[in-house]
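Enquirer: Sequence:
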Amino acid sequence: MGHYDVIVVLGLEAQPQAPHTAGSHHGLTRIIRLAYAEHPCYVPLLKRAFELWRQLEVESGQDLLKETGCINMSPKSLPDSCFKGAQASAQLHGLTHEVLTPAELQGRCPGYAPPEDFQIILEPVGGVLCPERCIAAHLAGAAAAGAEVLYGAAVTRWGVEPGGQVSVQAGPDAQTHTADRLILAPGAWLPRLVPELKARRSLLTVERQVVGWFDIEGDASHFSPDSFPVAVLDDETGMFYAFPADAHGFKIGKMHHRRQVTEPDALDRAIVPEDEATLRVAVQRYFPGAAGRLNHAAACLFTNTPDEDFVIDVHPRHPQVIICSACSGHGFKFGSVIGEVLKDLALTGGTSLDIDFLRLSSLRKGQAARTGPMFDVIVVGAGGTMGSSALHHLAKSGVKVLGLEAQAEAPHSNGSHHGHTRVIRTAYVEHPSYLPLLGRAHQLWQELQQASGQVLLETTGCIYSSEGTLENSCTQHAIHVAGEHALEHRILAKAEAAKLFPGYRAFPEDAKFMYEPAAAVLQPEGCIRASLTLALSAGAELVCGAAVTGWRVDDQGTVHVHTSKGEYEGRKLILAPGAWLPKLVPELQSLLSVERQVVGWFEVLNGSADFDADRFPMFVMDDRDGVARHTTSLDEATLRRAVHKYFPGASGPLNHAAVCLYTNTPDEHFLVDQHPNHPQVILCSACSGQGFKFASVMGEVLKDLAASGATRHDIAFMRLDRKRPGHAQVLDSFQESAQGLQPSSRL
1 MGHYDVIVVL
11 GLEAQPQAPH
21 TAGSHHGLTR
31 IIRLAYAEHP
41 CYVPLLKRAF
51 ELWRQLEVES
61 GQDLLKETGC
71 INMSPKSLPD
81 SCFKGAQASA
91 QLHGLTHEVL
101 TPAELQGRCP
111 GYAPPEDFQI
121 ILEPVGGVLC
131 PERCIAAHLA
141 GAAAAGAEVL
151 YGAAVTRWGV
161 EPGGQVSVQA
171 GPDAQTHTAD
181 RLILAPGAWL
191 PRLVPELKAR
201 RSLLTVERQV
211 VGWFDIEGDA
221 SHFSPDSFPV
231 AVLDDETGMF
241 YAFPADAHGF
251 KIGKMHHRRQ
261 VTEPDALDRA
271 IVPEDEATLR
281 VAVQRYFPGA
291 AGRLNHAAAC
301 LFTNTPDEDF
311 VIDVHPRHPQ
321 VIICSACSGH
331 GFKFGSVIGE
341 VLKDLALTGG
351 TSLDIDFLRL
361 SSLRKGQAAR
371 TGPMFDVIVV
381 GAGGTMGSSA
391 LHHLAKSGVK
401 VLGLEAQAEA
411 PHSNGSHHGH
421 TRVIRTAYVE
431 HPSYLPLLGR
441 AHQLWQELQQ
451 ASGQVLLETT
461 GCIYSSEGTL
471 ENSCTQHAIH
481 VAGEHALEHR
491 ILAKAEAAKL
501 FPGYRAFPED
511 AKFMYEPAAA
521 VLQPEGCIRA
531 SLTLALSAGA
541 ELVCGAAVTG
551 WRVDDQGTVH
561 VHTSKGEYEG
571 RKLILAPGAW
581 LPKLVPELQS
591 LLSVERQVVG
601 WFEVLNGSAD
611 FDADRFPMFV
621 MDDRDGVARH
631 TTSLDEATLR
641 RAVHKYFPGA
651 SGPLNHAAVC
661 LYTNTPDEHF
671 LVDQHPNHPQ
681 VILCSACSGQ
691 GFKFASVMGE
701 VLKDLAASGA
711 TRHDIAFMRL
721 DRKRPGHAQV
731 LDSFQESAQG
741 LQPSSRL
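Note that the working numbering has the sequence shown beginning at 1, numbered continuously upward.
No lab work stands behind these hints: they were computed from the structure. Just to be clear, a hint being listed does not mean it is correct.
Heads up, simulated BS3-like pairs for lysine-lysine below, C-alpha to C-alpha not over 25 Å straight-line [to be verified]: (1) Lys76 - Lys499; (2) Lys47 - Lys84; (3) Lys499 - Lys396; (4) Lys76 - Lys396; (5) Lys47 - Lys66; (6) Lys396 - Lys494; (7) Lys343 - Lys47; (8) Lys84 - Lys400.
Start from the sequences, fold in the hints, and give me the full structure.
Expert: Take a look at the structure:
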């Protein structure tokens with residue numbers, strides 16, 4: 001058992017070496033600046049940090065800090081902007097700075113492309129730190145001064161002995177070390193070592209943060225350290241920070257990225273398209289010469305407090321234990337001076353530097369002073385059909401919105417939206433009120449396609465077919481709807497249909513056809529991905545892998561959503577988790593039924609082109625057993641029977657099959673309404689196998705309901721109080737819940 005004057009626990013969470021890539025310090029570069037908007041007390045700390053970084057350079061013989069200058073820029077209309085904060089800080093502390101026009105900045109630094117309405121401040125002493133080199137230099141200096149460093153020594157417990165000494169167990173063999181003082185500085189792992197902080201989970205939140213390096217397409221010299229000052233900028237979507245080019249390219253990040261709460265050991269390091277899109281929108285807008293290919297990206301951890309200031313203090317019950325963490329994404333530049341502060345606290349219990357605003361007491365005050373929920377709207381099921389559309393519509397309307405998705409990624413294959421294709425048609429027989437919704441849906445899908453630059457729908461037309469008599473067939477209903485609403489259509493005999501579309505030539509001679517040319521095929525995964533990408537670009541936040549375990553509405557009307565990744569607060573809540581809605585709203589269990597649905601892909605024989613998209617309209621049909629083939633759950637044998645009978649040219653081997661979920665109501669119409677007991681909660685589910693085509697407009701409906709409780713669209717036939725079987729009993733269940741039991745509060 002060893003005894004030390006101080007045990008420092010820093011980055012030893014089972015890491016075999018330091019520096020490492022498991023925490024918050026990797027990534028080649030960090031910004032350092034003086035005109036600090038976050039809190040006036042940071043500036044004296046920063047001045048000392050600059051001195052100590054330069055001192056470390058001399059001691060180590062390493063180049064650790066490159067001064068490039070620092071740009072802070074923001075739109076003039078943005079309140080509490082980084083420009084205004086940096087300017088106020090510079091004036092308060094007498095820091096050298098210069099206010100530039102957009103044209104002046106672009107003339108000096110052509111890598112920048114600031115909009116005309118931006119305000120810009122340049123401070124000359126800002127620059128870039130090399131974090132891995134800095135840590136290596138500190139460790140080398142510590143070792144040279146006699147310190148002992150143990151790697152792979154994860155701390156399993158610590159305690160204060162009766163005599164006041166501190167004991168720490170660490171490493172795979174749980175070796176015990178004792179000391180007079182203990183500094184706990186493990187970053188995101190601090191709540192594990194100080195359970196009091198873990199019990200008060202909202203004090204410390206760990207987020208997944210991503211930075212990306214983009215290839216430079218323009219003049220590389222425009223992004224060199226000699227001509228590109230480090231950048232801090234904010235706009236209506238959030239705050240971004242950018243660096244001169246390094247070995248990987250042009251580096252940029254967004255503060256809090258996508259607001260993905262995580263656990264430190266469960267950090268998802270995989271980079272997905274939504275990560276790139278979050279960063280690319282700023283590169284294209286403000287640094288277009290560096291908007292090339294994403295060359296590299298990395299995920300790290302941000303540990304945040306509610307006020308985004310650090311936590312540095314002695315333990316409330318153990319003055320021999322010092323706590324340091326939660327640098328809220330802006331701590332590295334302070335590393336040199338915080339080390340000095342921690343040394344002072346360990347040796348004397350105090351420090352000459354002002355850190356009162358970083359103490360736990362200040363944090364608690366800040367938490368108590370925080371009023372109002374974190375988000376305007378929270379969308380549950382944001383990675384699915386309706387939720388992704390709602391997230392997009394809310395974000396582009398300027399609402400502060402959070403999306404929660406139980407699955408690890410979005411889009412995913414565990415619900416109802418996978419399978420590459422979905423039908424959208426206009427001759428809709430299910431209910432007359434669907435037709436205006438479909439018209440708006442078509443328009444919104446086209447707008448999404450244009451905004452995303454992706455091909456999301458392809459017009460193929462649709463064939464409605466029935467054998468024998470037309471009476472009460474899908475074809476008869478489609479003809480009636482098309483005629484009543486002046487929709488373009490053609491009624492075809494078998495011979496004419498087979499000539500136009502050879503893939504249909506095997507149909508019986510008595511088959512009747514109606515052709516609707518405006519129908520199209522949607523790409524569901526692409527649509528969801530486009531909605532999420534644009535939502536994130538507009539400022540939405542998305543947390544995947546956040547399974548909802550319960551929700552409640554407090555006395556002030558704030559909605560609290562409990563998830564596997566933490567608790568979130570909002571003014572409004574949209575519950576759109578598809579088949580999982582009855583788990584979150586138990587009153588609906590008797591109304592909603594979930595079915596297993598199977599689709600299959602059969603190989604086309606002899607390479608026939610008869611089934612290509614430009615020659616084969618999608619179809620809706622009846623056959624003599626009265627089964628509508630596009631809606632019923634079918635196994636391979638039943639699917640093959642229909643393919644062999646009607647489309648023998650495509651009756652090859654079953655190449656692929658997929659299972660999904662249909663969530664149904666008794667009348668097979670959607671369920672979209674406010675919660676009867678909580679009007680700030682909106683329910684959406686039970687699309688009964690026909691919902692995806694409506695997702696674009698239903699997102700607009702959900703946005704309207706969240707904003708005002710009403711919508712411009714007619715959805716009376718989708719509401720809970722519609723006069724249909726089962727609905728009266730469900731409304732009674734909600735009334736019983738309001739009177740006593742609250743089954744919707746917890747799972």
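Enquirer: What hint numbers does the structure not satisfy?
Expert: Violated hints (numbers, rising): 1, 3, 6; every other hint is consistent with the structure.
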